[in-house]
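Undergrad: Chain by chain, the residues run as shown.
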Amino acid sequence: EADIYQTPRYLVIGTGKKITLECSQTMGHDKMYWYQQDPGMELHLIHYSYGVNSTEKGDLSSESTVSRIRTEHFPLTLESARPSHTSQYLCASRVGASEKLFFGSGTQLSVL
Amino acid sequence: GENVEQHPSTLSVQEGDSAVIKCTYSDSASNYFPWYKQELGKRPQLIIDIRSNVGEKKDQRIAVTLNKTAKHFSLHITETQPEDSAVYFCAENSGGGADGLTFGKGTHLIIQP
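Top line first, the protein sequences correspond to chains A and B. The working numbering puts the first sequence at residues 94 to 205. The working numbering puts the second sequence at residues 10 to 122.
No lab work stands behind these hints: they were computed from the structure. Careful: at least some of the hints might be erroneous.
[What the hints assert, rightly or not] Straight-line alpha carbon distances no greater than 30 Å define the calculated DSS-like cross-link-like pairs of lysine-lysine that follow: (1) A:Lys124 x A:Lys150; (2) B:Lys66 x B:Lys31; (3) B:Lys114 x A:Lys150; (4) A:Lys111 x B:Lys51; (5) B:Lys80 x A:Lys150.
Note that the structure is predicted; figures quoted are calculated from it, not measured.
Kindly produce the complete structure, drawing on both the sequences and the hints.
TA: In structure tokens, the structure reads:
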């Protein structure tokens with residue numbers, strides 16, 4: 094089924110660990126996004142990509158990095174996690190000709 | 010500053026009554042205004058959208074109105090039901106310098122039985 098998948102769904106780790114949040118979509122979308130959702134529910138754009146080998150920073154500064162080596166895959170990496178990184182991370186995608194954004198189910202990250 | 014402001018942050022209505030959530034935007038270039046619903050523990054999902062060449066759009070119990078002159082748009086839910094309880098986000102596509110949608114801060118809609 095065409096969808097956008099995020100793994101893991103929940104992640105609890107210790108400070109200083111390196112982590113990668115996975116995002117894959119099977120909808121053939123060229124544009125992909127990462128949003129950080131804080132406990133107050135506000136959505137902040139942290140990274141986006143127009144296509145393969147394209148990555149851009151969003152409105153909210155983030156210590157995370159992203160890569161786009163394949164069209165369907167847009168992983169987010171934190172080299173050294175800290176408690177301030179605790180949040181929900183939502184991946185999203187859309188086809189370039191449409192503005193309709195589709196979200197994944199999110200990864201709830203807790204850094205102890 | 011903010012590209013889109015959303016009010017109220019919390020809205021409690023009796024089941025069967027109507028609910029209205031309002032958003033204002035600042036960029037005249039914005040031409041696409043979607044609304045997303047996020048139920049507890051779930052992903053945001055598009056429920057209705059409107060383009061700047063249309064003033065109103067309806068889909069069963071939900072409707073969106075757009076006033077381009079005043080730069081505001083609203084979500085209307087009639088005959089509210091318990092399953093309407095969720096957080097609702099408005100958005101617009103000015104991008105604020107980045108690609109993609111810029112979202113309002115969200116409205117927590119509570120349907121009282």
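Undergrad: Each hint should be assessed against the structure and marked as holding or not.
TA: A quick look at each hint next to the structure:
| no. | hint | in the structure |
| --- | --- | --- |
| 1 | A:Lys124 x A:Lys150 | 14 Å, holds |
| 2 | B:Lys66 x B:Lys31 | 15 Å, holds |
| 3 | B:Lys114 x A:Lys150 | 20 Å, holds |
| 4 | A:Lys111 x B:Lys51 | 26 Å, holds |
| 5 | B:Lys80 x A:Lys150 | 28 Å, holds |
Consistency with the previously given hints is maintained throughout, with no hint failing.
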